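Chemist: Chains X and P, in that order, give the protein sequences.
Under my numbering, the first residue of the first sequence carries the number 1, and numbering increases by one thereafter.
Under my numbering, the first residue of the second sequence carries the number 281, and numbering increases by one thereafter.
These are calculated hints, taken from the structure and not from any lab test.
If a hint is listed, it holds; no wrong ones were tucked in.
BS3-like, lysine-lysine: derived pairs with alpha carbons at most 30 Å apart:
no.	chain 1	residue 1	chain 2	residue 2
1	X	K102	P	K288
2	X	K8	P	K461
3	P	K289	X	K169
Small disclaimer: the values here were computed from a predicted structure and weren't measured.
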Amino acid sequence: MSRTALRKVGQTVLQIPLWLYLVVSIYPLFWMVSYSLKNNDEIFVTNPFGFPTHFRFENYVNAWKQFNVPRYFLNSFVVSIVSTVLILLLALMFAFAVARMKWRFRSAVRTYMIIGMFMPLQVIMIPLALLVRDFHLTNTYGALILPYVAIGLPFSTMVFYGFLVGIPKEIEEAACMDGSSIYGLFLKIILPLALPAIATVAIFQFLNNWNEFTLAYILISEETMKTLPLGLLFFQGSYSTDWGAMGAVMTIASLPMVLVYLFLSEQVERAMTVGSAVKG
Amino acid sequence: MNNYLGNKKALAIFLLPALIIYSVVLIYPVLQTVFRSFYDWDGLSTPVFSGLSNYKELFGDPLLGTSLKNGAIFALVLVVFQIGLGTVLALICADPRTRGRKLLKTAYFVPVVLSVTVVCQLWIAMYDPTNGLINRLFSLLHIPYEQNWLNSPTQSIIAIAFVNAWQFMGYQFALLYAGVKAIPEDYFEAATIDGCSKWRAHLHVTLPLMRETFKFCFVIAITSGIGAFVQMLIMTNGGPGTTNYTLTFMIYRYAFMESNYGYACAVSVLLVLISLLATLVINKVFDRGQQA
Numbered sequence: 001m002s003r004t005a006l007r008k009v010g011q012t013v014l015q016i017p018l019w020l021y022l023v024v025s026i027y028p029l030f031w032m033v034s035y036s037l038k039n040n041d042e043i044f045v046t047n048p049f050g051f052p053t054h055f056r057f058e059n060y061v062n063a064w065k066q067f068n069v070p071r072y073f074l075n076s077f078v079v080s081i082v083s084t085v086l087i088l089l090l091a092l093m094f095a096f097a098v099a100r101m102k103w104r105f106r107s108a109v110r111t112y113m114i115i116g117m118f119m120p121l122q123v124i125m126i127p128l129a130l131l132v133r134d135f136h137l138t139n140t141y142g143a144l145i146l147p148y149v150a151i152g153l154p155f156s157t158m159v160f161y162g163f164l165v166g167i168p169k170e171i172e173e174a175a176c177m178d179g180s181s182i183y184g185l186f187l188k189i190i191l192p193l194a195l196p197a198i199a200t201v202a203i204f205q206f207l208n209n210w211n212e213f214t215l216a217y218i219l220i221s222e223e224t225m226k227t228l229p230l231g232l233l234f235f236q237g238s239y240s241t242d243w244g245a246m247g248a249v250m251t252i253a254s255l256p257m258v259l260v261y262l263f264l265s266e267q268v269e270r271a272m273t274v275g276s277a278v279k280g
Numbered sequence: 281m282n283n284y285l286g287n288k289k290a291l292a293i294f295l296l297p298a299l300i301i302y303s304v305v306l307i308y309p310v311l312q313t314v315f316r317s318f319y320d321w322d323g324l325s326t327p328v329f330s331g332l333s334n335y336k337e338l339f340g341d342p343l344l345g346t347s348l349k350n351g352a353i354f355a356l357v358l359v360v361f362q363i364g365l366g367t368v369l370a371l372i373c374a375d376p377r378t379r380g381r382k383l384l385k386t387a388y389f390v391p392v393v394l395s396v397t398v399v400c401q402l403w404i405a406m407y408d409p410t411n412g413l414i415n416r417l418f419s420l421l422h423i424p425y426e427q428n429w430l431n432s433p434t435q436s437i438i439a440i441a442f443v444n445a446w447q448f449m450g451y452q453f454a455l456l457y458a459g460v461k462a463i464p465e466d467y468f469e470a471a472t473i474d475g476c477s478k479w480r481a482h483l484h485v486t487l488p489l490m491r492e493t494f495k496f497c498f499v500i501a502i503t504s505g506i507g508a509f510v511q512m513l514i515m516t517n518g519g520p521g522t523t524n525y526t527l528t529f530m531i532y533r534y535a536f537m538e539s540n541y542g543y544a545c546a547v548s549v550l551l552v553l554i555s556l557l558a559t560l561v562i563n564k565v566f567d568r569g570q571q572a
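Kindly generate the complete structure, drawing on both the sequences and the hints.
Modeler: This is the structure in structure tokens:
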């Protein structure tokens, strides 16, 4: 064999770990989807590893009947959308004031906001649970939206701050000359300019809020108010014997996010990793 | 111009909504936690000041040792699996001759966007002693290593940590891959032209230049190990017995199951201090490497 051919073989061998890990990463999900289409007999005895031979969609019908899918989806959707919109609006306004406006304590206020990024969530669990109870917010959307907004703010303001300080100073001069008010400047010039950063932060916060578990677990006990991650827990207890239905529920719950990711993979990855640039 | 950008009323409108929510819902509770950790308090009746007694009790609590040990094991599994293996995969993947990069990256990242509940339940099914995928795989390969994964006092913590490591591998991989890609190719080329083998060049050129990326990856891996909770709760409820307790599990139990709020606050304070200490140490270690 010639040297180049040898090197080519070496190159291919070197890449094997990448493809092995691809199997490790994806096969469990394939296994979940395939057992959602099997009955217990196939899962346990006849065909545990492979593709289902016969698609048993009745698992999905059962799952949909037993599991309050639309309710949990609706709750997750309302909580995630409202929190994300509020985070975007408040963080952008805050970042504008800190990055563009002229006042004395702006760097101190910015530092104060950064502190929140280094606070482990667990530290506010207890007072937050009591705060929610004292404000009679237990088992309302507000019980989740308020904390999600507060937790999302430090990170989002920093991303927006980084974006807004980079815009040339002449922007304000031009706006001022044109007779635009400061609110007009924010709405008509800054907001459109910041759209790329807004998209990134929106994806990041939506995913975080959609999948948040710990606070939701502590703050929500009412069945009708549960978000998707909480609703799924219930199924674990009551459906441990019907693996097919269990797989169906898990597949239904995962599908929307996986589809969103597959369509927007570049943006999602960028959004999720932008934290490294901010926190560093 | 200064007048324009120093408009006090506009400043208040832009600044206050974020500041108020942040202060009331995040900063005030943090201060509350610190404050209440010095009190004997059940969450309902009047708190009684008790000085350092919660902390004294905490250091005699056998659960503390278990929790710290589990946090350390959890963090170690994340570091080895996500950063160790992730770095190797990122280096191979960043090689210009690697094909299918987009597919690989996407496939690694899919678990990241799943709900942690789905992932935990999927792995409960996979770890199932009789019908689970893992034990079946061992029997298929004729390796006598089948076991009751989630019910072993010594190994279940590793099995649980692995679930987190698996789910967020794609996230760490994306960071590491971006880190490799950010290094100008000519550094690496110069080293190989000087006669360095590819792996030596990575060891002496690529990896040291990825210091900032590693710093961030270590902070994430180690702080999420220390604060681990959800996987324990869903997969074994801290068991068998109390063998899979972590600091956050202690907070949860003392506050919400035993109504011992003051004591749980002391555990929270300890958790924050350990997390901050870990972050500081990691920063120190990586910054020292820079001067050498």
